[in-house]
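Asker: Chain residues, written in single-letter form:
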Amino acid sequence: MAEETMSEEVADGQSGNRPRRGRVHVFPLMVIGLVATAIGIALGLLIDWFPVQAATQAEDVDTVYHVLIITSVPFFVLVTTIVLYCVWQFRERPGEEGLDGPNVHGSTGLEIVWTAIPAILLIALCSYAYVTLRDIEEAPAAGEPELIVEVTGQQFAWTFAYPEAEGGAVKSAELILPKDVSVKFNIKALDVIHDFWVPEFRMKIDAVPGITTSFRVTPSKLGSWSVVCAELCGVGHALMRQKVTVVSQERFDAWLARKQAGGKAAAGGGAAGEADGGDKAAIGKTLFAEGNGEATACGACHALSDAGTSGAAGPNLDDVLQGWTPAQLTEAIVDPNKAIAEGFTEGIMPANYGETLTKPELAALVTYLEETAAK
Amino acid sequence: MAEVDTTVQSTTGVPQVLASKVERPSEGWTSWVTTTDHKKIGIMYIVTTLVFFILGGVEALMMRLQLGAANNTLLSPEVYNALFTIHGTTMVFLFVVPIMAGFGNYFVPLMIGARDMAFPKLNALSYWLLLSGGIVFYASIFFSPPEVAWTAYTPLSGAAYSPSGGVDAWIFLVHLTGLSSLVGAVNFYATIAHMRAPGMGWGRMPLFVWTILIYAILLILALPVIAGAATLLLTDRHFGTNFYTPGEGDPLLWQHLFWFFGHPEVYIMILPAFGIISEVLPVFARKPIFGYKAIAAATVVIAFLGLLVWAHHMFTTPSPSVVLIFFMLSSFLIAIPTGVKMFNWIATLWRGTIIFKPPLLFAAGFLSLFLIGGISGIFLAIFPIDWQVHDTYFVVAHFHYVIVGGGVFAIFSGLYYWYPKMTGRMPNERLGQVSVVTMYIGFTLTFLIQHSLGLDGMPRRVYEYQDLGNLELYNQISTFGSFVLGIGILISFYNFIRSLKKGAIAGPDPWLGNTLEWFTTSPPPQNNFDEVPRVRSVEPMKDIRRQVERQSGIEAGEREFTRS
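If you read the protein sequences in the order shown, they are chains A and B. Going letter by letter, the first sequence gives residues 1 to 375 in our numbering. Going letter by letter, the second sequence gives residues 376 to 939 in our numbering.
Source of the hints: derived by calculation from the structure; they are not laboratory data. Keep in mind it's a predicted model, so treat the numbers as computed, not measured. Heads up, the beta-carbon is just placed ideally off N, CA and C, and yes, glycines get one too. Do not rely on the hints blindly, as some may be mistaken.
Over 10 Å on every C-beta distance to chain A, these chain B residues come out as not near it, computed from the model [claimed, not checked]:
no.	residue
1	Glu453
2	Arg726
3	Thr728
4	Val809
Selected chain A positions facing chain B (in silico; Cβ < 8 Å) [claimed, not checked]:
no.	residue
5	Phe50
6	Leu68
7	His105
8	Tyr130
9	Leu133
10	Ile136
Okay, chain B solo, but in the shape it has when bound:
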C-alpha cells in the first residue's frame, strides 16, 4: 500500500525501532494452546468472541424470520424463547464484554510500553475460563436450552417453572465467564497501575487504556454480586433454599441483584468502545483529541454513576415514588458526562484533516447511532414514559442502538484500526467501505422502526403477534434490514480473512498513529519492544515522528515525497 510510512526505519539516529531477533516459538497449534503471550491470548479472545458473535447473529436472524409475518408458526414458542435467551446471553457474556478484554489484552501492554501483562499465566487462565463457559452454555442446546431470557427473572427461572437443566447451564456460564472476567480485570488493573512506560503518568495514558482501567474496576465491583446472586438461584433450584421464593423470600431480590450487576455491565461493554473511538478519531482527523482530561474524567464519572442507576430497569416493579425519582435523576445525570464525550469527539473532528479510512467511517457511524441510543435512553429514564414503553420493542431498539450502533460499530472500527498491527497486513479499503455502508443501512432499517413497534404496543420476547395496525409491515421492514445488516457484517469478515494473505504489507505505523503500539513492528515481536521510549505527551508517536523529522532534516512537505 502506498501510504506505508517507511520514514522511521529509513532514517538513521534515535530512536531505535528495529525489530529484535527474538526467537519465535513454533507455529503449530500447541503454540496457541500453551501460550502466555498477551498478543496470542488477545487474538484467541478476539477470534473466539467473533465466532460467538456469528452464532448470536444467526440466532437473531432466526428470530427475525419468525417475526417476519403475523401469527407465524415457523418456530415454536419453546424454540423462540430459547433463541432470545441464548442470543442475549451470547452477545453480552460471550461477545461484547470479552472482545473488549481481547482488545485490552493485545493493546494495553503495547500502548503503555509494557512487554506483557502483569500475570501472563492468569491471563491464559481467564481465556480458557471464558471458552469453557461458552462451551458449557452452548452444550445445553443439545439437551434443554434455557428459556428464561438473559435476565433469568425469578420465579420463572426457579425449579418449579424451569425444571430443566438449561437455567443451570446459564448459571454455570455466569460463574465461569464471571471468574474469567474477574481474573482478567485484576490483571488489567495491575498491568496498568504498575507497568507503564517511563514518563507515562496518569495524565499521559492513552484514553483506551483509561477505559480498560475503568472497565476492570467496574468488573471487580459488579461481578461478585451476580456471582452471588446466581449461586443463590442455584441453591434455590437444587437445595431447597428460598431466597427468591414468593412469601418466604422475595422474587424482586433477584432483579435488584441482577441489575446491580446488569447496569454497570452496560458500561463495561460501552466504555472500552468509547476508548476505541477516542483513539481512532484523533488519528484519522489528524488532530489531537479535544479535551483529553474531560474525556478521561467523564469515563470515571460515568462508571461511578453507572453503579447508582440499576433500578431504572425496574420502573414497573412496585417501588415508592422517592425511589423512582432517585433512579430517574441518577440516570439523567449519566447523560451529562456522556454528552461531554460526544461534544469532545465532535470538537476533535472540527477543523481536522479527516481521512476516510474504514476505522474513521465506523467511528462516524458510531457517533450518529450512539447519539440516537443516548437520546432514547433519556426517554426511558423518565418513568411516566417508561411505564408505556418498558418491555416493548422501544427498549429493544434503544439498547441495540447502544450496544450494536455504539458497541459493535466501535468494535469494527477497532478491528479495522488494529488489524494491520495484529496481522501485519492492511485490510481492503473498498470492502471496508462497502461493509460500513451496508451495516449502517441494515442497522437503521432493522432498529429504527422498532421504536415505532414499541410505541404501538408490541411487547418484547413474544414469538408471535396479531396482525393489527402496521405491526406486520414494521416487522417485515425490520426483518429485511436484519439480513442487510448480516450481509454487511459478513463482508467485513470476508475482508479480514482475505486480507490475511492478500492484504498489502502494513509496516509498523500505517495510519501515522499517536500511541506506542505503532512504535513496534507489525505484528510485534514476542517481547514487544527492545527499547521502551520515554513518553512526553499523550501522543508519544507524534513526538517521535517530529523528532525524527527534526534530526533527519526532512520537513513535512518533503516527507510527503518520501511517502509516495
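Excised from the complex, chain A in its bound form:
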C-alpha cells in the first residue's frame, strides 16, 4: 500500500467502482477559467480599493497590490472553477449509490508541478517586494531638502515638532506638511505603544516607548488627510485621530513663521507667573495649541477656533466654553473624570495635567480659556 500511494493506479474495473464517465470537459473548463480570470483581474484593477494616493510612496505600494491581484486571481479562479466543476460533474447520480470513484492514490508528477510553480512565483514576488522596499525607503539625494518632523504619541493624542525649521524649532498640535518635499518622521511614544499611520500615505510604523522609529514620505497631493493610531493604546484608542494638512511650500513657510512669531511672543512674556493678563492669555493659547513638551496640547483633542485647533476626541470648546468660572475650568483640566460631558467617556482625557502643567501654566491656560469664552 505504502508503495502504491504515490503512483497512479487506475482500477476502474474493480468491484465497487463506478464505471468511468465520459470525457471531462477540459476545453469548456479552460474557456470558463480564462474568462473568469479576465473578469476577476479587470475587477481587481478597476475597483478603487485604497484611499487617494497622497504621497509618492503610495504609488509604489498600490502597484505591488495590483501585481498581487493579477497573480492571485488565476489561482483563485483555478481552484474555484475546479471545485465547482467537481461537485457538479462528479456528484453522485441515481444508480451510483455506494459506488466508489477510481482507485487513484496520487501522482508524483502533479505533486512536483504544484509545488514548483507556486514556489517560483512566490520567490519572484518576494524579490519584487524587496525592490519596492528599497524604493520606498530611499533617502532623498544629497543636497535635496528633507523636512524632519518629530511625532510624539501619548494616550490619546499626537503632537508634532519641527526641530530643524529655519528660525527656530516649532511645536504644534497639528501636522502641516509642504507638498513635494521628502519628510522624515521621527516617531516616539511617551507611555504605551501607538502606531502612526496616514492611510493616504500608505505607511505606518509603531511608536514604541524608549525607541525612535522613523519612515519617509514625499507628500504629492494638496489636501487634508487623517492621522490614525493603529495600535491598541487604551480606552481612547479609537479617538486618537488627528489631521495632516498638505500645503504648498509658500504656505508652509508662512505657517512656520507665524508659529515662530507666536512662540516668541509667548516666551517673551518671561515666567508665566509674573505675566499680566494679555501675556498670560498668549501663553495659555500656546499651551492650548502646542502643549509644553510634557503635557499634550489641548487642541489635539478639543476644537477651538480661536486657537485654530480641530481635534474631535473631546467636546468642541467653541460650543461648550461659555459660562465657566475659573475654578470650574481648573477642576475640569486637573480632574477631568469628575464630570463627563454627555456622549463622552471617562478616562479618555489625561488625568495628569495637574502634574504636567506648572501652576503658572495652568493659571495661564485658564485665563486664556476664560477670555476666549468671553469673546
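On the provided structure of chain A, position chain B as indicated by the hints.
Answerer: Only chain B this time, still in chain A's reference frame:
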C-alpha cells in the same frame, strides 16, 4: 435512515465486529466527573468548548451591534475593549485549540485501534485544567475584565496602564489552559507513538492522526514560551521586575515571545482542521485521498516553517530590512505546502462520486473560504502592503477567513461527520444543509466586506468610527451578516440537540468510512474494540468491507440491494 449499512453485522465470518458486553458505568453525573474514558472526556471537551464558542459568538455580535452605526454610543469604550479581549481569548484558548483536543481525545484512540489514551488520568487532568482556566478568566467579567486585546501587548498590559486584575486573570488563563494543552499534547504523542494497531506503520496512519501528532509537537514547542513570557509579565506587574519596561527592559520583547508562540498557535488551530478535511473528503467523494504522503509531509513542513515566521506579525515594529525580508520569505514558503494540500484535496474530488451530505458541504465551504484566507495571507506577508493594512480590518477579515472559514467550517464538518459515532444517531440532513448555506452566506457578508473596510483605512480594535466615505454602509453589511452567521450556527446546534433523541439510529458505519473508528459500534463500548483488526492500508475499513464482500459472495451491485 435508509443508508444504514448493516452488511458487516449481517454476514457471517471474519472479522468480528459485534459489540462486547462490557459493563457500562452508571449514567449519573458522577460518571462524567470521575471518568478517565477518553470518549467521555472527549465529549466533555467538545461540549465545554462549544459553550465557550457561543459565549465568544455573543461577544462578537455585541461588538458588531456597536459598529452598526457611525459614532455609536451603545457600548462604552471600556466595555468594547473588554469584549474584543474576551472574544479573541475565548475563541483561541477556549474554543478552537481545545475542541481539536476534544476531537483528538475521542477519535485518535479509535482511529489507531487503541482502547484508551496512553495516560487516562492525565487526560482527565487536562480537561479539568481547561475548564478551570475558562472559569477563572470568565469570572473576571464580574470584577474588571482585561481590556488589552488577546495579544496583551506591553506596556499597555503592565501595572501602570492596566492596574486592575483583568490582565492577571488573562495570565492565569494562559497558564492553566497552557498546562492543560501541554499535558494533553504529551498524552497524544505517547498514544500515537506507541498504541497503534498492528500493521499501522507511520505510512498508514490516518491523516487526522498525523495532524494531531504535529499539533501535539507544536504545542510542546510553543507553549512553554508563552507560559514563560506570561510569568515575566506577572512579575513585572506585581514584583517590580522590569523585563518589559521601556528603558530598563524592552516592550518589544513581549511581542517576540508572544508571537513565537502565537504564530505556531495558528497552525495548532488549523492543522487538525486540515486533518478533518483530509478524512471527510475521501469518504464523501468515494475515492482514496489523493497524495497521502504529500499531505502528511506538507503537514510536517507547515509546522516547521510555522515556527519561523512569527515576526510577520511585527512588520510595523522597528526592524532591520534583512529581518523583514527573512520573515517575508519564510511566510511565503508556508504558502507552498498549504497549496500542495489544497491541490491534493481538489484532486481527491476529481472523478469521485461526490455525496452531498452535511460533512461534505462544510468541507467544500472550507475549501473555498480557506482559499481566500490563504490568498489574503500572501498579501499580508508582503510588508510594503502590510504597512498599509496591518492592524486594520483587512487583517481582521484575513484571520477570520482562516480561523472561521477554515477552522470553524472544518470543525462543523467534523461534528456532522462524527456525530453518529459519538451519539449513535444521525444528525438531520435537511437542517445541516440549511445551516451550512446560512453560515456560508452570513460569513461572506460579514467578512468579505471587511477587506474593503481595512483597505479604506479603518483600524481594528476601535469602538467607534467617523461617518466617512462608505465606512458606515460597509459596517452595516458586516453587522447584518454576522447575525445571519449566528442564525446558521444556531440551526446546527438545534440540529445536534434535536437529533440526540429524534435522529435515525446510525449503526456502526453510516458513511462507509475508511478509518477504524467505524469498525466499532456507535457509540463505542468502553473498551472500544474487542478485537483490533490488522491494518493493511490507510483505508482499513475499505479493506474490511471488501473482504466481507468477497467472503460473503455479495457483489457491489447486490450490496446496493441489501442497503435499500
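Asker: All the hints need checking, so say for each whether the structure fits it.
Answerer: Going through the hints against the structure:
1. Glu453: At roughly 6 Å from the nearest Cβ of chain A, glutamate 453 of chain B sits no farther out than 10 Å, so the non-interface label is violated.
2. Arg726: Given that some Cβ of chain A is not farther than 10 Å from that of arginine 726 of chain B, nearest at about 5 Å, it is violated.
3. Thr728: The claim breaks: threonine 728 of chain B does not keep its Cβ more than 10 Å from every Cβ of chain A (closest is about 5 Å).
4. Val809: At about 18 Å from chain A, valine 809 of chain B clears the 10 Å cut-off, so the statement holds.
5. Phe50: Holds, because the Cβ-Cβ distance from phenylalanine 50 of chain A to chain B comes to roughly 6 Å (cut-off 8 Å).
6. Leu68: Since chain B brings a Cβ to about 6 Å from leucine 68 of chain A, closer than 8 Å, the hint holds.
7. His105: Hint on histidine 105 of chain A: holds, closest Cβ of chain B at ~5 Å, below 8 Å.
8. Tyr130: holds, 6 Å
9. Leu133: holds, 6 Å
10. Ile136: holds, 6 Å
The structure does not agree with the numbered hints 1, 2, 3 stated previously, though it agrees with the rest.
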